[in-house]
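Protein chains: 2
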Amino acid sequence: MRSLGKWLAGLALLAIATAVTAAEPLASWNDGAAKQGIVTFVNAVTQQGGKDFVPEPERIAVFDNDGTLWSEQPIYVQFAFMLDQLRAAAPKHPEWQSNAAFKALMAQDKKALAEIGQKPVLELLAVANSGMTVGEYDQSIRNWLKSARHPQLKRPYTELVFAPMQELLGYLRANGFKAFIVSGGSVEFMRPWAEQAYGIPPEQIIGSQQDVTFAMRDGKPVLTRAPKFVFIDDGPGKPVGIYRQIGRRPIAAFGNSDGDLQMLQVTAAGAGRRLMVLVHHDDAEREFAYDRQSHVGKLDRAWDEANAAHWIVVSMKSDWKKVFAFQK
Amino acid sequence: MRSLGKWLAGLALLAIATAVTAAEPLASWNDGAAKQGIVTFVNAVTQQGGKDFVPEPERIAVFDNDGTLWSEQPIYVQFAFMLDQLRAAAPKHPEWQSNAAFKALMAQDKKALAEIGQKPVLELLAVANSGMTVGEYDQSIRNWLKSARHPQLKRPYTELVFAPMQELLGYLRANGFKAFIVSGGSVEFMRPWAEQAYGIPPEQIIGSQQDVTFAMRDGKPVLTRAPKFVFIDDGPGKPVGIYRQIGRRPIAAFGNSDGDLQMLQVTAAGAGRRLMVLVHHDDAEREFAYDRQSHVGKLDRAWDEANAAHWIVVSMKSDWKKVFAFQK
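Residue numbers (the numbering used here), protein chains in the order written: chain U, 1 to 328; chain C, 1 to 328.
By construction, these hints were calculated from the structure, which means they are not laboratory data.
Some clues are possibly wrong.
Just so you know, same-sequence chains aren't split out, so a pair can sit in one copy or run between any two.
Unchecked claim - Derived DMTMM-like pairs: lysine to aspartate or glutamate, alpha-carbon spacing no greater than 20 Å straight-line:
no., residue 1, residue 2
1, Lys321, Glu123
2, Lys220, Glu305
3, Lys328, Asp31
4, Lys220, Asp304
5, Lys220, Asp258
6, Lys178, Glu195
7, Lys220, Glu136
8, Lys328, Asp258
9, Lys178, Glu56
10, Lys110, Asp282
Next comes chain U alone, as it looks inside the complex (with noise of 0.2 Å):
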């Protein structure tokens, strides 16, 4: 007959199997207090009848992209591809050529664009990506993929999505998890890549709107894009477009820049368990390494608030075996 003591050790070993099974879908991911974090989480909203059991329609998750799936350094993604629909029209625009905002963009002078300030820099980059079909202006996104390389790390930006982070979204799918996208970026720009990405459809990504316009054109029903941001979705602007959008507060939030301390924020007051998530580049070697100081991406408030508020901050460099999948 098995003694008290050894039958508690034999389920201590049978509790340490189970957890090691379920957490094997992060396999990128490093034993520690991160990945722990978040399978205990998992866990515990996923146990039927326990104390902190969440319904499935209810798992939603929330994830910033830029720098929190995907890498966003030296500058966003979507800024390289709109500096090329720029340069692509700027033959049809002879008036650029004395336009202030155009000169330094076409440059590169950060100290003249700093001086301009963002708003001009935006309306001239707005009128360069309007104008066009929804039809066409996607097109124009997919073939520029195809061709862009990073500057640094001269790969296709697809292939540059963080591998332990699309185990992370499978692993949350298989857990009855449905996750959104909330991005200061544009939404056009992420659909033509992040369901094969990410497993994320179209109808799961917010981000920032450009104006569109319905019109008949040679009785054929059109949508034109104007050149002007109807929502910003940044800052205080992503708990906004949750709720246009999603109706329902998140029960788990990831982010990895100021940017997503207002998600963070309402994520973490709702009743009930919740999981929050501030991906830390700090990966100079794989990847980039940044925070306070960096002009894309700055990570400050949100990381003060997150040491605070006991929120999970995920190291690229200790917590991932690997931060692309091309990396061994």
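Following the hints, put chain C in place on chain U, whose structure we already have.
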């Protein structure tokens, strides 16, 4: 040995039996062109290897709400709610006593309302339906729905959903479709009850949007309603709402009025097999009868286009065995 004739007859019987089995979920639909057209379409796009096959993620169906999924006469349900909100807020707004729109609304003075025009009326209603947090507003809708009754049909509004359309939604879901509501009404007015009534979760509801703003209040994040519409999801707005929130062209669209015309046109203009359906209110006995002359849910241009383009027009009187679940 069976003759070829007998074999063919057997095959025909088998085909009929299959059709009947497939159509069974539409129990409240009479056999006829409308039901047959819907079933034929669903069979075609779900037949693996068939020339009209559509993969599951692309089986997007869009439904207008007012007049298509539930009753909209004598006034939109949401309008009845907003009027009650206005009435409830009146004691705090003595200045309204001299407001022409307020006086006309309270007196239900149709002539005065017509003279005043839509804008002052909508502005007044927006003020009465603003200022609170989104959670408080959601609760006020839930409370109202519990006690409010339809003036003629004397039923809670949530009982005034169309039973044949509920069946249709279930039938499409069982065939791998994802259904979205695309309504001129406000998205938050539908979310509290649409999941139970239609099986459509909050994130699959597209509607008009009043502005909401984010703020931290006593250390808690709150979203507050501002008295301004940022998006009107009606007429040419519907394809825009579909583009923004779904990002794929629907393969099936269901409406009942001219406000649904552009949504039907965009659906029809896609490549491959499509289903366009109009619900015609011709049943004064069980519900209401109205079309070209109606102030609410006017069906005129869309009806002409349906006839010209051979879209399906459902007669509520002859195609439906019952309109509401409580009818025999």
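How would you classify Lys220 and Asp258 at a CA-CA limit of 20 Å: within, between, both, or neither? between (43 Å within a copy, 17 Å between copies)
Evaluate Lys178 and Glu56 at a C-alpha cut-off of 20 Å and name the case that applies: within, between, both or neither. both (8 Å within a copy, 17 Å between copies)
How do Lys110 and Asp282 come out at 20 Å by Cα distance, when the copy is not named: within, between, both, or neither? neither (25 Å within a copy, 66 Å between copies)
Within, between, both or neither, where Lys328 and Asp258 count as close if Cα-Cα is 20 Å or less: Neither: 31 Å inside a chain and 58 Å across chains, both beyond 20 Å.
Within, between, both or neither, where Lys220 and Asp304 count as close if Cα-Cα is 20 Å or less: between (53 Å within a copy, 17 Å between copies)
Which holds for Lys321 with Glu123 at a C-alpha limit of 20 Å: within a copy, between copies, both or neither? neither (41 Å within a copy, 57 Å between copies)
Intra/inter-copy verdict for Lys220 and Glu136 if alpha-carbon distance must be at most 20 Å: So Lys220 and Glu136 pass the 20 Å test inside one copy only (15 Å; across, 43 Å).
Intra- versus inter-copy proximity for Asp31 and Lys328 (alpha-carbon distance at most 20 Å): within (17 Å within a copy, 62 Å between copies)
I want to check one pair: Lys178 and Glu195. Are their C-alpha atoms no more than 20 Å apart within a copy, between two copies, both, or neither? Answer is both: 13 Å inside a copy and 16 Å across each meet the 20 Å cutoff.
Could you figure out if Lys220 and Glu305 sit no more than 20 Å apart (CA to CA) within one copy, between two copies, both or neither? Between copies only: 13 Å across chains, 51 Å inside a chain, cut-off 20 Å.
In this structure, the hints that do not hold are numbers 1, 8 and 10, in rising order.
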